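Let the sequences and hints guide you as you build the complete structure.
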Amino acid sequence: NERLEKNLKRKDVDWSQSRVVFIADSFTRYQQNAIGFKDLPIELWEVKLFEKDLVSYSQLKPPTVKGSIKTLTKDKTIQKISKELIYPLSHHLDRIKDSKIKELFGKIREEVQNLGKVEENSRKYFIGYWKDNIKFVEVFL
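In this note's numbering, the protein residues as written are 1 to 141.
The calculated label-pair distances, taken between Cβ atoms and stated as ranges, are:
id : residue 1 : residue 2 : range
1  : E119      : G36       : 19 to 27 Å
2  : I23       : F126      : 25 to 33 Å
3  : F126      : R10       : 24 to 32 Å
4  : E51       : D98       : 50 to 58 Å
5  : K76       : D53       : 45 to 53 Å
No farther apart than 30 Å at their CA atoms in a straight line, the calculated lysine-lysine pairs in the BS3-like style are these:
id : residue 1 : residue 2
6  : K38       : K135
7  : K11       : K117
8  : K9        : K76
9  : K76       : K38
10 : K9        : K135
Honestly, the hints are just simulated from the structure, not real lab data. The model shown is predicted, which means the values in this text are computed figures rather than measured ones. Beta carbons are placed, not taken as given, at the ideal position from N, Cα and C, and that holds for glycine.
In structure tokens, the structure reads:
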């Protein structure tokens with residue numbers, strides 16, 4: 001609301017692209033292991049407060065990457081949502097066999113990110129680049 005300087009309605013938000021971000025001073029081993037599914041949009045961030053109001057934020061990465069959350073459930077709603085989840089960039093890069101294509105994508109990615117404040121979102125079938133809430137580039141690899 002602050003960025004757009006207008007109020008949003010629930011219907012104005014694409015809830016299928018949402019993720020859950022947990023912020024705490026520490027997490028249990030069980031919580032850390034829960035983020036290990038490659039298609040589950042959950043992030044854990046540890047925050048520490050130091051002297052002179054210095055704050056440190058650290059995103060926790062899963063100790064091991066497990067398989068898909070789909071293997072644990074047959075629920076159609078969860079399967080639908082998992083199709084729209086964020087995939088790591090490596091999901092696409094590992095599939096590129098031609099080194100020239102990989103190099104070209106690297107150049108495109110670098111130029112797009114040089115525009116400043118560009119958000120990169122990797123989905124199952126494409127990588128999208130957003131600036132000021134507008135998707136202006138999609139790359140299908």
